[in-house]
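Below, each chain spelled out in residue letters.
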Amino acid sequence: MANQNPIYIDQRADNEEFVIPSEFKEVMIFLTIKVEILKGGWKYASGHNVYLNRKDIYMNRSPEPEDLKLNYAKNLDGLYLDLRSHISRFRDGSDDDIPAKVEYELIFEAGDTLIDSFSRISAENNPTDFNSYVLFKCQ
Amino acid sequence: MFRYTNILFLLIIPFLSKGQGGHEDPDIDFELLKVNSAPSFIILGVEPENIQRPNSPRKFVASIQNAVVNGKIVPNVAIETTPYYWKKPTDSIRFSGREFYNNSGFLNTISKTLSLSLSTSETDSVIFGTLKSGTGMGFGLRFLLVDGKMNPLLSDWSKAIIIREYYEHLDMTSRGISDISRYSSILLIETENFKNNYFDKLEYNFFSKANFNRIINQELNNLLTFLNLPSSNNVDAIESFLQASADNAKNNQAKYLDALNSEYEFPLAKQGFILEMVFGNALLFQENKFNQVAHAKGAIWLTPSYSWNLSKHKSRDISLIELMGVLRYTYNNQKDSVDISDYFDIGLKGQYTSNNLTFALEGIYRYASKVPDDIDKNYTYRLVTSLNYKINSLVTFNFNFGTSFNGNTTTYTDAKELFAIGGLNFGIFNRTGSESPEISY
Chain A
1 MANQNPIYID QRADNEEFVI PSEFKEVMIF LTIKVEILKG GWKYASGHNV YLNRKDIYMN
61 RSPEPEDLKL NYAKNLDGLY LDLRSHISRF RDGSDDDIPA KVEYELIFEA GDTLIDSFSR
121 ISAENNPTDF NSYVLFKCQ
Chain B
1 MFRYTNILFL LIIPFLSKGQ GGHEDPDIDF ELLKVNSAPS FIILGVEPEN IQRPNSPRKF
61 VASIQNAVVN GKIVPNVAIE TTPYYWKKPT DSIRFSGREF YNNSGFLNTI SKTLSLSLST
121 SETDSVIFGT LKSGTGMGFG LRFLLVDGKM NPLLSDWSKA IIIREYYEHL DMTSRGISDI
181 SRYSSILLIE TENFKNNYFD KLEYNFFSKA NFNRIINQEL NNLLTFLNLP SSNNVDAIES
241 FLQASADNAK NNQAKYLDAL NSEYEFPLAK QGFILEMVFG NALLFQENKF NQVAHAKGAI
301 WLTPSYSWNL SKHKSRDISL IELMGVLRYT YNNQKDSVDI SDYFDIGLKG QYTSNNLTFA
361 LEGIYRYASK VPDDIDKNYT YRLVTSLNYK INSLVTFNFN FGTSFNGNTT TYTDAKELFA
421 IGGLNFGIFN RTGSESPEIS Y
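Residue numbers (this note's numbering), protein chains in the order written: chain A, 1 to 139; chain B, 1 to 441.
In case anyone wonders, no lab produced these hints; they're calculated from the structure.
Straight-line C-alpha distance at most 20 angstroms; calculated SDA-like pairs for lysine to any residue:
(1) A:Lys55 with B:Asn196
(2) B:Lys270 with B:Thr353
(3) B:Lys201 with A:Glu64
(4) A:Lys34 with B:Arg94
(5) A:Lys101 with B:Glu265
(6) A:Lys101 with B:Ser262
(7) A:Lys55 with B:Arg175
(8) A:Lys55 with B:Lys201
(9) B:Lys250 with A:Ile98
(10) B:Lys270 with B:Val146
(11) B:Lys270 with B:Phe143
(12) A:Lys55 with A:Thr32
(13) B:Lys270 with B:Asn36
(14) A:Lys101 with B:Arg94
(15) B:Lys255 with B:Gln243
(16) A:Lys55 with B:Gly176
(17) B:Lys250 with A:Arg12
(18) A:Lys55 with B:Ser185
(19) A:Lys69 with A:Ala110
(20) B:Lys289 with B:Asp336
(21) A:Lys101 with B:Phe266
(22) A:Lys55 with B:Ile189
(23) A:Lys39 with B:Arg94
(24) A:Lys137 with A:Phe118
(25) A:Lys55 with B:Ile186
(26) A:Lys39 with B:Leu268
(27) A:Lys39 with B:Ser262
(28) B:Lys255 with B:Asp156
(29) B:Lys34 with B:Glu47
(30) A:Lys55 with B:Leu188
(31) B:Lys112 with B:Ile274
(32) A:Lys74 with A:Glu23
(33) B:Lys250 with A:Tyr8
(34) B:Lys270 with A:Gly41
(35) B:Lys250 with A:Gln11
(36) B:Lys250 with A:Asn125
(37) A:Lys137 with B:Gly176
(38) A:Lys39 with A:Ser94
As the structure is a prediction and not an experimental result, all values here were calculated from the model.
So here's chain A without its partners, still in its complex pose (with noise of 0.2 angstroms):
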């Protein structure tokens, strides 16, 4: 079964299951974030708390982590993964003060092979955040 979208948008993330295929077991999981504003005139300021079983793996916050090591795949198996993103919005000549709508995509790649990509579009609400809970299973 595939995996489901586990981004949640602007409430706490429930639980959801992230199955990595077992052909992956002996190789490393990558985490991947990318933020896209949707609107000209714009700019956003972004916090991404990644946190794995409840062990804080991505202090600096920002930017979007880019191919953040996870652990392989084999190590990762009933391991939570919280996500936490804000995301801001400040005007930058807008001509109006109705935030950009923003686009988050999470990434996950065994290696350079891609094993899932999830987006969600938010709404105007300013910050807005994007949560996500996974229970990783590899077996």
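Using the hints, position chain B against chain A.
This is chain B only, laid out in the frame that chain A set:
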């Protein structure tokens, strides 16, 4: 398609005017004195549509090389770049908190804000006097000497972020733990961890270490107070407290963002006293030959500005006082009649802006090193007040009063014109799009 229509009429035609027969009327107003684009473009008198913005030394050199083809300078080149960001290319749509906040020191301000520009254009005799036609090249630089202070609402936003990060850190490091004693001890351990290790990790922390710790200690006191309550003796209650505290900080974040974005078109722009230095120079390569280069004109600007935001904190009402100044020295190639004189201009403008009212007073003083024989004085000036009052969403009243001068450098005159002009703008239909045309008069 027009969705907004203005009907204009003059209330008062200029009531006192001593005409300057035969003279053009190219008033220099304050806006024209300001440096509204790259100095190389201004000095060359061009408004390029395609501006190259190289963000690395290699691209910059390539841009320069592309400006010369077969030993000749190519016209219509426009390049603008900020060398500071060659080393640190940043995404133009991402707010870099560290770059924004970590800006201490005079030299740092200059190096961070220094921008270079270069442009070329085919010339004509009007701009460059008796010099032979060819290709003009403008080059310029500008930088801030004093770059102002950040909007105080950004400090409030930053504080809300720190508090939120703190509670979320506690929540995320304790999530799933059911043993209450372990849970409580983790909260205290992680508070120390957060204070010791996250101060310089949070990109949008705009506070000193002491103030950062003060903020966290305040929240820790709130947490300890809660933990001492009898009702807090279970994990669910503490978890709810952490989440409610994070949500409260998020609400504060939202409140400050709303205030920033509703009050300011550029809320990330620095405020207070700002001082900018600008330099521009134009050369002319006559007949497009390198060995026939001649200096045409140049200018140096010094532009101080100060703004006070009088709006009530967190209010949507706009109330802003701005003071702006321009000192400009323009030096011309007089030998080749690019102009008969060098000029020193001082411009000052004060403006009050509220939701419905804009009131401005501006003055310009110009001194010329030489004037034509039929002109008595080496100086002239302009003083103008203007008022713009929005009666309702459809009707705006405008009024201007003052004295002006003909600023054309070849028809230099005294300040003798007095004028008063008023008018109303009527919007017939609701304005529904930002692209609606504005009609000015």
